[in-house]
Amino acid sequence: MKDMFWIALGAALGANLRYAVNRLALNYLSASVPYGTLIVNVTGSMILGFFLVWTSERVLADPRWRPLVAVGFCGAYTTFSSYSFETFAMIEQGHY
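If you count by the working numbering, then the sequence shown holds residues 43 to 138, one letter each, in order.
In case anyone wonders, no lab produced these hints; they're calculated from the structure. There could be a bad hint or two in this list.
Said to hold, decoys possible - Label-pair restraints from in silico Cβ distances:
#	residue 1	residue 2	range
1	Ala54	Ala131	37 to 47 Å
2	Gly91	Ser126	19 to 29 Å
3	Glu134	Leu71	38 to 48 Å
4	Gly136	Val95	40 to 50 Å
The beta-carbon is built from N, C-alpha and C at its ideal position, and this holds for glycine as well.
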């Protein structure tokens with residue numbers, strides 16, 4: 043039950059950051075290509091990879107950090123639903 047709190051906290055942070063990155067990408071880059079999703083998925087994968095290696099090989103971190111960062115934050119930050127929604131929107135607009 044304790045892990046659920048940490049996962050929810052990480053998810054709230056990750057989802058809000060994903061939204062902010064997508065908004066920034068729409069404001070500064072082409073809206074016809076989902077650059078926000080690309081940026082989020084690449085950076086989220088890098089964060090997850092670095093975090094897991096760092097905490098498993100180099101630093102003995104508090105066990106609560108893994109569900110918070112790996113499952114909650116990175117899971118919500120790189121969620122598949124954004125990709126699915128943007129793909130559907132592009133098809134709907136005839137950008138295929």
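* To do: Starting from the hint list further up, note which numbers the structure goes against and sort them upward.
  => 1 and 3
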